[in-house]
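Listed below are the residues making up each chain.
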Amino acid sequence: MGKTKEGDLLQGTLDMLILKSLVREHKHGYAIAESIAAASEDALRVEEGALYPALHRLELKGLLGSEWGLSDNNRRAKYYRLTTAGRKTLAAETERWTRMSAAIARVMGTA
Amino acid sequence: MDPHERGHRASHGNGLMRFNVFKLRWRALFHRRQFEQDVDDELAFHLAMRREKLSGDGMENSAARSAAHARFGNRARTGEILREMRGWGLLEPLWQDVHFGLRQLRLNPGFSSAAILPLALAIGCAAAILTLTDAVLFRPTGVKDPSRVAAVYSFSPATNRYLSDSYPDFRDVHSLSELVDSAAAYLRTSANIRLTTGAESMNTELVTGDYFRAAGIAPTLGRPLIPEDDRPGAAPVALVSYALWESRYQSSASVLGSVFWMNGLSFTIVGVMPRDYQGMLLDWGGAPSFWAPLTQFGRLFPGVPDYQNRREVQMLMMLARLRPGVSVTQLQAALDVAASRIPADPRSGPGYRLLALPAAEARFFPAYRAATVRFLWMLLAVSLAAVAIACFNLANLLLARSAARHHEMRTRAAVGASRVRLLQQLVVEHAVLVGCACALSVPVAIAVTDWLRTVQFTYVFRPVLNLTADWRALGIGMAAGLFTAVLAGVAPAIQTAHSGIACGLKAGRASRAGLRDLFVCGQVACALAVLVSATVLTKTLHDTGNARLGYEARGVLIGSLDVSNGGTVSRDDFFRLDRTLLNEVRSQSSGAALAWQVLPTTTRTTLDVQVAPEVWKPLPFNWVSDGYFDVLRIPILEGRDILPADDFHSQPVVVVNRSAAALLWPGENPVGRHLRIRQEQVDREVVGLAEDVRLHPLGQSEPAEPCLFLPLFQRSAPTGLTIHVRTPGNPLQLAGTLRQIAARIAPDAALSSVRTLEEQVETGVQPMRVAAQATAAVSALGIALALAGIFASAAYRVTQQKKEISIRIAIGAQPARVVWSFAARGLWVGVLGACIGLPLALWGVSLLRAAIVGVGVAGPFLLGTATVTLVVAAFAAAFAAASRIARVQPADVLRVQ
Chain A
1 MGKTKEGDLL QGTLDMLILK SLVREHKHGY AIAESIAAAS EDALRVEEGA
51 LYPALHRLEL KGLLGSEWGL SDNNRRAKYY RLTTAGRKTL AAETERWTRM
101 SAAIARVMGT A
Chain B
1001 MDPHERGHRA SHGNGLMRFN VFKLRWRALF HRRQFEQDVD DELAFHLAMR
1051 REKLSGDGME NSAARSAAHA RFGNRARTGE ILREMRGWGL LEPLWQDVHF
1101 GLRQLRLNPG FSSAAILPLA LAIGCAAAIL TLTDAVLFRP TGVKDPSRVA
1151 AVYSFSPATN RYLSDSYPDF RDVHSLSELV DSAAAYLRTS ANIRLTTGAE
1201 SMNTELVTGD YFRAAGIAPT LGRPLIPEDD RPGAAPVALV SYALWESRYQ
1251 SSASVLGSVF WMNGLSFTIV GVMPRDYQGM LLDWGGAPSF WAPLTQFGRL
1301 FPGVPDYQNR REVQMLMMLA RLRPGVSVTQ LQAALDVAAS RIPADPRSGP
1351 GYRLLALPAA EARFFPAYRA ATVRFLWMLL AVSLAAVAIA CFNLANLLLA
1401 RSAARHHEMR TRAAVGASRV RLLQQLVVEH AVLVGCACAL SVPVAIAVTD
1451 WLRTVQFTYV FRPVLNLTAD WRALGIGMAA GLFTAVLAGV APAIQTAHSG
1501 IACGLKAGRA SRAGLRDLFV CGQVACALAV LVSATVLTKT LHDTGNARLG
1551 YEARGVLIGS LDVSNGGTVS RDDFFRLDRT LLNEVRSQSS GAALAWQVLP
1601 TTTRTTLDVQ VAPEVWKPLP FNWVSDGYFD VLRIPILEGR DILPADDFHS
1651 QPVVVVNRSA AALLWPGENP VGRHLRIRQE QVDREVVGLA EDVRLHPLGQ
1701 SEPAEPCLFL PLFQRSAPTG LTIHVRTPGN PLQLAGTLRQ IAARIAPDAA
1751 LSSVRTLEEQ VETGVQPMRV AAQATAAVSA LGIALALAGI FASAAYRVTQ
1801 QKKEISIRIA IGAQPARVVW SFAARGLWVG VLGACIGLPL ALWGVSLLRA
1851 AIVGVGVAGP FLLGTATVTL VVAAFAAAFA AASRIARVQP ADVLRVQ
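Top to bottom, those sequences are chains A and B. When we follow the numbering used here, the leftmost residue of the first sequence carries the number 1, and every step to the right adds one. When we follow the numbering used here, the leftmost residue of the second sequence carries the number 1001, and every step to the right adds one.
FYI, nobody ran anything at the bench for these hints, they're computed from the structure. Remember, it's a predicted structure, so these values are computed and weren't measured experimentally. Positions of the beta carbon are idealized from the N, C-alpha and C atoms, including for glycine. Among the hints, erroneous ones may be present.
Here are the simulated lysine-lysine pairs, DSS-like style, with alpha carbons at most 25 Å apart [stated by the list, open to error]:
| id | chain 1 | residue 1 | chain 2 | residue 2 |
| --- | --- | --- | --- | --- |
| 1 | B | K1023 | A | K88 |
| 2 | A | K88 | A | K27 |
| 3 | B | K1802 | A | K27 |
| 4 | A | K20 | B | K1053 |
| 5 | A | K20 | A | K88 |
| 6 | A | K27 | B | K1144 |
To give a feel for the contact side, a few chain B residues facing chain A, derived at Cβ under 10 Å [what the hints assert, rightly or not]:
| id | residue |
| --- | --- |
| 7 | E1042 |
| 8 | L1047 |
| 9 | M1049 |
| 10 | R1050 |
| 11 | A1068 |
| 12 | R1071 |
| 13 | T1078 |
| 14 | R1086 |
| 15 | K1803 |
| 16 | I1807 |
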């Protein structure tokens, strides 16, 4: 059971990172992986394959939209974008995260 | 729970998300290839980008590819996860299995049609028969709230007969007002109807004032009959049937107030009956065209006795609507009490009483109900047997095919399919098969129902109108078929799936030869039982259908007519007209006679005959003119025929048949004896003894029934008659002549239903014939399928030992010897099966004999022929299969193995 909870936490975090990475522009999966890696300075690097189930799950939930387009090097690529629902969720999650990390920081005495 | 998901739910609700999931899944389902391509492309794109990035960083190509893959993780697994997310969970493999099943059907058209067609036929027929049964026994007759309605009949325990009621009986029931809300009596009679011009014979129901209230019928148009219409001296009014209103009055509202003539009396139409109402009784001649008050009975038929006050004049049917909360049992108790208060009831016999039956059991005159129900059950049993046989066939075919699929199953099991998964696939395949059969059964059911509508069941029950394919019946039929068929598929599926798991890829199945022999054995045994019972049943029904009538129907033309014009003609004129008619017709033919009832008849009218002082026995009778026995070729055994001289001025006489003589004067010559009929003042002298004839249609009574033949011209009340004309050639050629003569002699009379006596007999025989044909068809199907089953399983048994045959031939055995050894084994297995099957067959026949009256026994010839046929079939099947294998080069077989 412990394992599942860990997974949940990781999944929730990954979802948030994905949503966050799509705030400015729509991206394909590879670009999302790169931007998460860059933004987190490789700290949150996971197996890149794990990104895709998360993307598809978010798409199924209606938080992401997608369309097929051509990449910079003229390959067929699937581009994801935030939907309105996705933006709202991201806002709610960001706020929750901020409050929680602040609380944790207080507990840890780092604030 | 995923906090993220919770947040999302809070903001957007369930419905939208579900819809989105559904939409995307739906798209993935119907654009499966596109979706799979997309998943592949997406992952490939990522890997390609990563590889290029790494190459750009200076990595060597192949190393870059490996590194990209390593960073990505398990690509195949990821793809699988993505597909599953769009999938339908457990439905996904189901969809695949359905596809696979359909493909299997397409690839094996022979197997598919052999499995599907018999099942579709059987289910379709069963559904049609169910429709018929439902329409006849259960579909509402149009009576409102039938649970509160009781039908009341007279019952004589002495003769164990149901009888119609008298008008005083009706008054008794009517007076039980604390229990009965309303009571009604009615009778159906044929009358001479003139709408505008030209006379026609139509059925009319004459009803008492509360009929519409008791039955709870609201007219489509106009008003119902009310008690005021039934008062003596009331103006004649009537309601017209919906069918007649449609066909003759163009469904016009102007029908109200229009006038028609019934037996010369003018009636005003005051209403139109509901469309689906055709009377309470389904088996009292044709559906009525008019409903009129009973009080007009005397004016319509002037000769009728004083039915209102005489208890022995029993010609009415009765129904009673009970007050709320009153049960039929309570009514019965009250009837018994009321009967005990009438000491002067002239009807003799202990226990004579009125019997109340729930309306649901009164769709037929109770005496005929048993025959009707038995007939329907028999048809139903036959059609269900057909379904069972088709399912058996299906199980057989599936088992036989499981042989062919061992390899496939083993391969699937070897690459990791679980047993449950294999079983699921087989069950779905099977369901697809049965589903196709169900779909095909719909047109079959519709066609058979249409055909059943054209069959005239007049003598079991009259044609039920509005007999359309019933979806409920079809549904029940299909569900039953589906259930049994799926059940039939379980064993083969387990067997097949098991064979895939239990045996390694190369494992042989030689060890199970004994079991397979047993299977063939069982097949032969079952086939033998089916063959013998079916033959016995078919033969019985066929014999009944062609049973001896006792009179010769061929060459006789009959036609009904009423020269009395409903009794408005005086008795002397009536006799004069009849006599002229007979003479005219005789001059144009080789014989003619008039009779009151035409054979075979469904009505059971009786006269009470005195057998001892104050002991009366009801005996069937007929009024016949001179020449009747000659025209019908009924032998006179003793004494004389009825003569033209036997009329009102001469001594009353009677001719009795053999059974009546045996009943009244056992072992004595009846000629010269006298008998007293109740309601007659003088005894009748027996002047002749006639051979027995079949009075009623088949399946309704014993072949020999007592009957009295009374001279027509000694009858006091003129009525409608049937003229019987014997011709040397085709009787129908005389139809025109007969019509001309009738029109000349009695222009007011309606000559109707001109037909041959053979047709009349045929309608009586037809239900039996239909049953015989249905049984024969099912038997033929059963036997064919059983034989096919023997062939399939014997061939399967041999095919299983393909390897053994090939090895034996390969190491030098004579192919012919090998083939013979297998064929001999088939023979022994067949003989063993026959040994088991014979007692089974005898048991089946004894069951049939217990269930259906008159079923014959299985003779030694039948048993012998059936046994030999099936043993030869088992032998031939083994022989054919073995020689086919022997022809193949052994090396080929072994290589394939």
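Q | Violated hints, by number in ascending order, as checked against the structure | A | 3, 6, 15 and 16
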